[in-house]
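Given the coordinates of chain R, work out where chain W should sit on it, guided by the hints.
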Amino acid sequence: MNKFNLNNSYKAVVIGGSAGSFQGVVKILSQLPKGFPLPIIMCLHRLKHVRNGFVEALSIKSIVQVTEPYDKESIKKGSVYLAPANYHMSVELGHSFALSTEEMVNNSRPAIDITLGSCAFVYKDKLIGILLSGANRDGAMGMKHIHDRGGYTIVQEPAECMIDTMPKSALAVTKIDHVLKVDQIVEFLKELDKQYR
Amino acid sequence: MFDIDIADLKRISELIYQKYNYDFRNYAMSSFKRRVLRIMELKKLSVDALLKKLSDTPGFVNEFLDELTVNVTEMFRDPSFWRVMREEIIPAIMLNHKQFKIWHAGCSSGEEVLSMCIMLKEMGILQDVTMIATDLDVNILDKAKSGVYPVKNMELNEKNYIRFQGTGSFKQYYREENGNAVFNKDLLMNVSFRRHDLVLGDIFNKFDLILCRNVMIYFNQNLQNEVLKKFHESLFKYGYLAIGSKESLIWCDYANRFIVVNNEEKIYKKIKD
Chain R
0 MNKFNLNNSY KAVVIGGSAG SFQGVVKILS QLPKGFPLPI IMCLHRLKHV RNGFVEALSI
60 KSIVQVTEPY DKESIKKGSV YLAPANYHMS VELGHSFALS TEEMVNNSRP AIDITLGSCA
120 FVYKDKLIGI LLSGANRDGA MGMKHIHDRG GYTIVQEPAE CMIDTMPKSA LAVTKIDHVL
180 KVDQIVEFLK ELDKQYR
Chain W
0 MFDIDIADLK RISELIYQKY NYDFRNYAMS SFKRRVLRIM ELKKLSVDAL LKKLSDTPGF
60 VNEFLDELTV NVTEMFRDPS FWRVMREEII PAIMLNHKQF KIWHAGCSSG EEVLSMCIML
120 KEMGILQDVT MIATDLDVNI LDKAKSGVYP VKNMELNEKN YIRFQGTGSF KQYYREENGN
180 AVFNKDLLMN VSFRRHDLVL GDIFNKFDLI LCRNVMIYFN QNLQNEVLKK FHESLFKYGY
240 LAIGSKESLI WCDYANRFIV VNNEEKIYKK IKD
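Chains R and W supply the protein sequences, listed in that same order. So the first sequence is numbered by numbering that gives the first Met the number 0: it starts at 0 and just counts up by one. So the second sequence is numbered by numbering that gives the first Met the number 0: it starts at 0 and just counts up by one.
So that you can see chain R by itself, here it is in the shape it has in the complex:
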């Protein structure tokens, strides 16, 4: 039984979210199977000038401590990463992070399109992209890149989102493999975890 048609070839999970995504992210991180085999790379819109507090708030209920990576930090399996305030976060070919202070993209820094796009380039069809609730179009092009390079795409069920612009924009520009509620995303990740046991 493997209703999501998963296998154990995936190398990373990348999650994007903005307004209304915090609760969903907390739920996902708190129900993550222990010893989850892949890195989880998150880009969530956040206040530019508030450097502290967010990662701590996400970590309270999370199974794994969430960290904001340093520039050039290597990506480790089973770690959960969050794009730091006022930096764009990309992944490099050698599976390390690269931060940048380039122009805002979609009015955002960190921008989800940048994180998703670079992950798509590096992980190709070995990537799972998840886009949650949000009030702008950031992340839609990133999801398209993931799909175009053979990755697996999931958006949060728009009806469940506090603000559905973000998942709806992704649905409008590319093929999304599954539209799921947060609870189903948790189930999906558990199913994924089983493939590696």
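Derived from the structure by calculation, the hints contain no laboratory data. Mixed in with the good hints there might be a few duds.
A few chain R residues that face chain W, going by a derived Cβ cut-off under 8 Å, partial list only [claimed, not checked]:
#1 P83
#2 L92
#3 A97
#4 L98
In silico PhoX-like pairs for lysine-lysine, Cα to Cα no more than 20 Å straight-line [said to hold, decoys possible]:
#5 W:K184 x W:K120
#6 R:K33 x R:K193
#7 R:K47 x W:K158
#8 W:K52 x W:K18
#9 W:K151 x R:K47
#10 W:K229 x W:K271
Using C-beta positions, here's what the derived DEER-type ranges look like [to be verified]:
#11 R:E186 x W:E232: 50 to 60 Å
#12 W:K170 x R:K125: 49 to 59 Å
#13 W:K42 x R:I162: 30 to 40 Å
#14 R:A56 x W:I5: 33 to 43 Å
#15 R:K76 x W:N262: 22 to 32 Å
All values derive from a computational prediction rather than experimental measurement. Quick reminder that beta carbons are idealized off the backbone N, C-alpha and C, glycines included.
Okay, now just chain W, sitting in the frame of chain R:
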């Protein structure tokens, strides 16, 4: 939408190096790729057209550099960093030196230089500090020298200044002219702006403090290592180096010649020659 592969990016950096002696061959790939794609889209050029234009039109390289280098910065970025500068680092330097020297390496359009000058003026020591601000890009240096910025940027700058808890009013430092904020000329009186290439350039002076925040993030690890070596050489013993809040030196060979003075703000001190 354009796309570009690694081989083409390498052809571009190789061409620029051979023909114009700018070395982007050790830049971090993800941001270098985005910058080049941005230029291709801005100028409506395919990879081949871009390569041809770079090779046939010598004047184009300056335009290219201008767009390639990241020149987005704000005054008093990370206000807590500037508070530590004012309350800990500058006073520590002044314990031993009445006059001292600061290098702003990769100063871009000069926002950080101006922040430093405003802070030093409020500390009453602006006249005692010699500053050298360098960048690769001559066009951006001209902008930095002018001290003129769009008024629309001032809202963010002023917010940062208030969080920094500056002792004056931010507005006293500039006047508005045709949508621009023109900063008082005397703020920059002790700053000399020079073109300098961190990658290919030589050591040119010794400093008590080097600021190079969010510049080395555009380099790969090898190049970061090389540049740190140059900073080490350019610092007096017990001099300070400040990098961006999410940068780290731990993987550089020269890291053991520094100690961390403030980990949150990423301020290091040279302790070994």
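List in ascending order the numbers of the hints, as given earlier, that are violated by the structure. none
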